[in-house]
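Work out the full structure: start from the sequences and follow the hints.
Protein chains in written order, with the working numbering: chain U, -16 to 251; chain G, -16 to 251; chain A, 84 to 401; chain R, 84 to 401.
It is worth saying that the hints were derived from the structure and are not from the lab. Do not rely on the hints blindly, as some may be mistaken.
As the list claims (entries may be wrong) - Here are the simulated EDC-like cross-link-like pairs (lysine to aspartate or glutamate), alpha carbons at most 20 Å apart as the crow flies:
1) Lys388(A) - Glu300(R)
2) Lys72(U) - Glu0(G)
3) Lys73(U) - Glu76(G)
4) Lys72(G) - Asp201(U)
5) Lys243(R) - Asp241(A)
6) Lys29(U) - Glu345(A)
7) Lys227(G) - Glu199(G)
8) Lys148(R) - Asp228(G)
9) Lys183(R) - Asp231(G)
10) Lys243(R) - Asp270(A)
11) Lys183(R) - Asp133(R)
12) Lys73(U) - Asp201(G)
13) Lys72(U) - Glu(-5)(G)
14) Lys112(R) - Asp382(R)
15) Lys73(U) - Glu(-5)(G)
16) Lys72(G) - Glu139(U)
17) Lys149(U) - Glu139(U)
18) Lys72(U) - Glu76(G)
19) Lys29(G) - Glu345(R)
20) Lys72(G) - Glu76(U)
21) Lys148(R) - Glu(-5)(G)
22) Lys183(R) - Asp240(G)
23) Lys160(G) - Asp170(G)
24) Lys388(R) - Glu300(A)
25) Lys148(A) - Asp231(U)
26) Lys148(A) - Glu182(A)
27) Lys243(A) - Asp270(R)
28) Lys73(G) - Glu0(U)
29) Lys227(G) - Glu248(G)
30) Lys388(R) - Asp298(A)
31) Lys148(A) - Glu177(A)
32) Lys183(A) - Asp240(U)
33) Lys332(R) - Glu273(R)
34) Lys73(G) - Glu76(U)
35) Lys388(A) - Asp298(R)
36) Lys243(A) - Asp241(R)
37) Lys227(U) - Asp201(U)
38) Lys73(G) - Glu(-5)(G)
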Amino acid sequence: MIMSEKIDTCGEILGNERLAGNCFRLQVTVAAGFPLPRPGQFALLKLLRGHDPLLGRPLSIYDFDPANGVATFLYQVVGRGTAALSLQKKGNEIGLFGPLGRPFQVPEGASRLVLVAGGIGVAALNLLAREYGRRRGCRIDCYLGARSASDIIGLEQLRSACDQVKITTEDGSVGEKGLVTEILVRDLTELAEAGAHLYACGPRGMLARLAVMLQECDSPCQISLEERMACGLGACLGCVVEVKDLPDVPYRRVCCDGPVFDIREICW
Amino acid sequence: MIMSEKIDTCGEILGNERLAGNCFRLQVTVAAGFPLPRPGQFALLKLLRGHDPLLGRPLSIYDFDPANGVATFLYQVVGRGTAALSLQKKGNEIGLFGPLGRPFQVPEGASRLVLVAGGIGVAALNLLAREYGRRRGCRIDCYLGARSASDIIGLEQLRSACDQVKITTEDGSVGEKGLVTEILVRDLTELAEAGAHLYACGPRGMLARLAVMLQECDSPCQISLEERMACGLGACLGCVVEVKDLPDVPYRRVCCDGPVFDIREICW
Amino acid sequence: MVTKGSGVFSIVNDNLNMAVCIGRGLIIKNPVMTASGTFGYGMEYDGLVDLSRLGAVVVKGLSLKPRAGNPPPRITETPAGMLNAIGLQNIGIEAFLAEKLPLLKERNAVIIANIYGETPEEFRQVARKLTGAGGIAALEINISCPNVLKGGAAFGSDPKLASEVTIAARDATDLPLIVKLSPNVTDIAEIARSVEQAGADAISLINTLKGMSIDVERRMPKLRNIIGGLSGPAIRPVALRMVWEVVQKVSIPVIGMGGIAEAADALEFLIAGARAVEVGTANFVNPQATLRIIEGIEDYLRRHKIDDINDLIGSLAV
Amino acid sequence: MVTKGSGVFSIVNDNLNMAVCIGRGLIIKNPVMTASGTFGYGMEYDGLVDLSRLGAVVVKGLSLKPRAGNPPPRITETPAGMLNAIGLQNIGIEAFLAEKLPLLKERNAVIIANIYGETPEEFRQVARKLTGAGGIAALEINISCPNVLKGGAAFGSDPKLASEVTIAARDATDLPLIVKLSPNVTDIAEIARSVEQAGADAISLINTLKGMSIDVERRMPKLRNIIGGLSGPAIRPVALRMVWEVVQKVSIPVIGMGGIAEAADALEFLIAGARAVEVGTANFVNPQATLRIIEGIEDYLRRHKIDDINDLIGSLAV
Ligand SMILES: Cc1cc2nc3c(=O)[nH]c(=O)nc-3n(C[C@H](O)[C@H](O)[C@H](O)COP(=O)(O)OP(=O)(O)OC[C@H]3O[C@@H](n4cnc5c(N)ncnc54)[C@H](O)[C@@H]3O)c2cc1C
Ligand SMILES: Cc1cc2nc3c(=O)[nH]c(=O)nc-3n(C[C@H](O)[C@H](O)[C@H](O)COP(=O)(O)OP(=O)(O)OC[C@H]3O[C@@H](n4cnc5c(N)ncnc54)[C@H](O)[C@@H]3O)c2cc1C
Ligand SMILES: Cc1cc2nc3c(=O)[nH]c(=O)nc-3n(C[C@H](O)[C@H](O)[C@H](O)COP(=O)(O)O)c2cc1C
Ligand SMILES: Cc1cc2nc3c(=O)[nH]c(=O)nc-3n(C[C@H](O)[C@H](O)[C@H](O)COP(=O)(O)O)c2cc1C
Ligand code: FES
Ligand code: FES
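Okay, structure coming up:
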């Protein structure tokens, strides 16, 4: 049962450096008992001093090194919590609750995976690429969108895991100019025919456009969603998204029913 | 005018290490414009992230190196604020508002100073010892009380500045066994006759006993008091102590009327 | 060894009595319970918290029928606190009894059902059904939810309505009846007295303070519901003051809550006179907060050489 | 260039209008004032804050005669907040007029006197004397102090008493009359309406929330007065919600406060509909908080291309 496969622990910061713009990479040592995270899972990160900021912040587990017990996160500074996180130094302690959430599902025998990452969304997809990139007979194409060349992060890791990485930037400073969905849409029919499974994470606008695009074809697509969270384990009902076809209570919890959902399940 | 001779600034932590038991020494670089602190003055130290802990914590300026712009504090961990302070590492930033408060007054021509320090109270007296210890014709005796040998801090500095340091410990592990006031009382008549000026800082119980002892003689005695503070500059009226002979409002503010008071002024 | 105090006790290895009576003879093994809405239906914390170690598990507010709750965003953080406008989303009592209660019983949890209704009559019905089901130790009636249009806090801010709802629930149950008060009132002791007279066995407080937060970049409320309930350490001083006011005016047990995050916080409420405490938002910050608080209280009692927690309760020196 | 909005404006280099009217034609150069009791008599911040840059300086509550206030300890910190029980220690109006007012005038500060009385009659007398003295821009009457036995919050928690006090002060002054409300009530909008009807020119809120804190090691209240007033960031969501409730029910200007520490916090209140804000506890944490907030609001207006702050006020999209 997935429920008990999470622990509330704390770790020491090994590194916390700016990668590009307002994006940082955080590396934390974790306790020996930290369960192996599955692709798409996340952790709640908590600053340990005082009651402000109060709640943990959900970050996807970007990478995990079980041998050395090191978890890596990529994060963007968008508010108080992430700003406070960015001030932490090597040697400071940090709270870590995880791994949390339902991971991406890759059906037995899937031979073609397509990853669609917008901005910091790459953080949720990296473990998937690394796990399946090593499998024989499984091809991975990655569509990576960013605002500008300087905002692209995590490219090396993706390149080493994927068969192809197509880059788009909104300002055209590298790769094709445009939105990642605009590039993807051209390949969609071909990908659908090839039986591709899509996995996407990015801004809500990107996912909503993807949802519209996918009305035309029947490629399966899993997405990782974001919502503000408190408990991270399904108790507070704070993180819900509206879903289709649930009569009494039309909501599901991002923290434990997700963060991975079938794109067709969500009300956009 | 003393009012404007204070700045609200922030500095980088150069060191923050445990000296003994729950006592730490904190060294902070201060901005070039930081006014030279006078003996007995303090600063409000503020952690910069988040709103909890909220208020600055008053700490006496233990030492100050104007050439390198380094302020040193000695502090004891007694609650949330000081505990949070003790977790700060070299390189972290910290807020500093000061120098604050009225300093000790040493009358022109005073030739005999007696310092009475209980526990961490030594922090308030060190600058005084260093300033007057260098003066010709001014003898300084120091009575230093601590719980136990391992709790004694700041001894080296005091020894180098004072003509004599008498140590007492409650458990007798070093120096004489007993309370610092019990040792002092034996010398009091002699000191009074020698025209000594007393300067004391320590737990309220120690100061109250001293006040009783001093009813018998007329040696002048200035003490440094502690109270919880908010503003540090006289505006909030949070830090008051009850004083004698003030008809309408029998209170004075520790932050700006003090922290140095004439011992005979206070209602014990 | 015979423990002093109220006579309520449980034997643990070092003769420390942590057991308290929270009304109508209900003795719980220690005074630390979970606050409704912050611990789900209990099983969410399975594997992290041994539910049988808690004084009691108070489950998410239950209504007669399932409720969808409010549209998201439902929560936002504030300084040392959070706002929520869940709007009492819940699976309804039928599903609770069928799916959740059996699991909780298996875990040997003492279960308290928090209930909600839009009318006194609904409170009566919910109380009756839960009482009939068996396996529930007490009912906590929520007359103080700030996040629903009907009922909710309206009942909690008027002594007469509060009393009506209490009478309706009292009428339907022999279980210990805890009435949970709203802090958004001028005189909470007055409401407390009126629910005591109406037959409550205990009073719990506080529910959340009504609050609001605005996203200044978008000039929109941070919560879709505009207003939400403030909880967490920020509200602790207000909660403690209200508990203090209420314990002086009623003679039934008072259960304190609001911002309890550590043992010292729980001790403030006990010393002020609360018979037990509920831990809410802290569960989100530290899923094992309840257990740490229980251990911290035990340590405190040992350190202060107090054998029976009942000797600590209400021992504030004023 | 003609600015849009209320027509109230002051010309600054980049045509940004920060001036607002806070009632009875009183226009202040920007909407940031100090909150009473947190800025002394103003001169305590001399050398740190150029008082003439502030919208106004609201001084510590003044009474007819000097008041000793409560015995210490008077303050204690709480999560993201603090409790105070100063008990309105003040030098009295005579000493204020003789010793403090001249200095404030020299600094070109806009001065608002916060006043307190034990009876409506005392409020009337204080209002009359201060009005007669000249040099005071407005009066803020404090019917909401939680830390005094007589008067204080009692006036603020009853619409009838609140109205009586307002009438008494109104009767004695032609100055803009701001009535400062207590948040410790069930329905703050009701009190607001009644003081508006009684002749208030503006309403300010919130004063502190009543709170309490206990030293568990000594089992004693942390404040000698047992109960104190909670202020600071912790209370901001409650304050904002109350301002939002009040602006919808009155037509006179509302001055918001409670936990404002940064420009973004002040903007929340303005967007919710407050005409101006007061900054309190933040002055303790950062003595230059008011100036930083003024600058931060100006930056925000430029960034959002808003020429006149009056276009921002009340612009919440709901
Ligand atoms: C499952 C999951 C995985 C995530 N993984 C990553 C990741 O790997 N890297 C990364 O940079 N970010 C990730 N996020 C988003 C991240 O959690 C938020 O950016 C962060 O919590 C914001 O905190 P803050 O205090 O800095 O911002 P706040 O001051 O709280 O808010 C700033 C802005 O961000 C919005 N926001 C706040 N919390 C969230 C949230 N949980 N989700 C979406 N928007 C939010 C607010 O509405 C506001 O507009 C993830 C979110 C979820 C739910
Ligand atoms: C002018 C002045 C100079 C000081 N100099 C030093 C110094 O050089 N080194 C040092 O270690 N300490 C010094 N203190 C005391 C120090 O300020 C307090 O110990 C500290 O603020 C406690 O903060 P906390 O959050 O750790 O404790 P809290 O959790 O706030 O309180 C813990 C205990 O300390 C008491 N306390 C809190 N604040 C104060 C205070 N300001 N004064 C006295 N008791 C308090 C509380 O009542 C409580 O019992 C000084 C105090 C003043 C007023
Ligand atoms: C997310 C959330 C949901 C809540 N749901 C309920 C509820 O269903 N019924 C209820 O009586 N109280 C509910 N509450 C209030 C809590 O039980 C508690 O009274 C309040 O949060 C104060 O305690 P705390 O500060 O420890 O969280 C809820 C609180 C939160 C934060
Ligand atoms: C130490 C202190 C003293 C105060 N004294 C007064 C006062 O004399 N008159 C008054 O109307 N309000 C007084 N207040 C209340 C503040 O003006 C303000 O309403 C409250 O603190 C909320 O704002 P804040 O959170 O920004 O501090 C006082 C507040 C504090 C903290
Ligand atoms: S974060 Fe609490 S239910 Fe998802
Ligand atoms: S700390 Fe504010 S007056 Fe002394």
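Each hint, compared with the structure:
no., hint, verdict
1, Lys388(A) - Glu300(R), "12 Å, holds"
2, Lys72(U) - Glu0(G), "17 Å, holds"
3, Lys73(U) - Glu76(G), "14 Å, holds"
4, Lys72(G) - Asp201(U), "55 Å, violated"
5, Lys243(R) - Asp241(A), "19 Å, holds"
6, Lys29(U) - Glu345(A), "16 Å, holds"
7, Lys227(G) - Glu199(G), "18 Å, holds"
8, Lys148(R) - Asp228(G), "18 Å, holds"
9, Lys183(R) - Asp231(G), "17 Å, holds"
10, Lys243(R) - Asp270(A), "16 Å, holds"
11, Lys183(R) - Asp133(R), "16 Å, holds"
12, Lys73(U) - Asp201(G), "57 Å, violated"
13, Lys72(U) - Glu(-5)(G), "13 Å, holds"
14, Lys112(R) - Asp382(R), "16 Å, holds"
15, Lys73(U) - Glu(-5)(G), "16 Å, holds"
16, Lys72(G) - Glu139(U), "33 Å, violated"
17, Lys149(U) - Glu139(U), "13 Å, holds"
18, Lys72(U) - Glu76(G), "11 Å, holds"
19, Lys29(G) - Glu345(R), "16 Å, holds"
20, Lys72(G) - Glu76(U), "11 Å, holds"
21, Lys148(R) - Glu(-5)(G), "47 Å, violated"
22, Lys183(R) - Asp240(G), "17 Å, holds"
23, Lys160(G) - Asp170(G), "16 Å, holds"
24, Lys388(R) - Glu300(A), "12 Å, holds"
25, Lys148(A) - Asp231(U), "9 Å, holds"
26, Lys148(A) - Glu182(A), "15 Å, holds"
27, Lys243(A) - Asp270(R), "16 Å, holds"
28, Lys73(G) - Glu0(U), "17 Å, holds"
29, Lys227(G) - Glu248(G), "6 Å, holds"
30, Lys388(R) - Asp298(A), "17 Å, holds"
31, Lys148(A) - Glu177(A), "8 Å, holds"
32, Lys183(A) - Asp240(U), "17 Å, holds"
33, Lys332(R) - Glu273(R), "8 Å, holds"
34, Lys73(G) - Glu76(U), "14 Å, holds"
35, Lys388(A) - Asp298(R), "17 Å, holds"
36, Lys243(A) - Asp241(R), "19 Å, holds"
37, Lys227(U) - Asp201(U), "17 Å, holds"
38, Lys73(G) - Glu(-5)(G), "8 Å, holds"
In summary, the numbered hints that this structure violates are 4, 12, 16 and 21.
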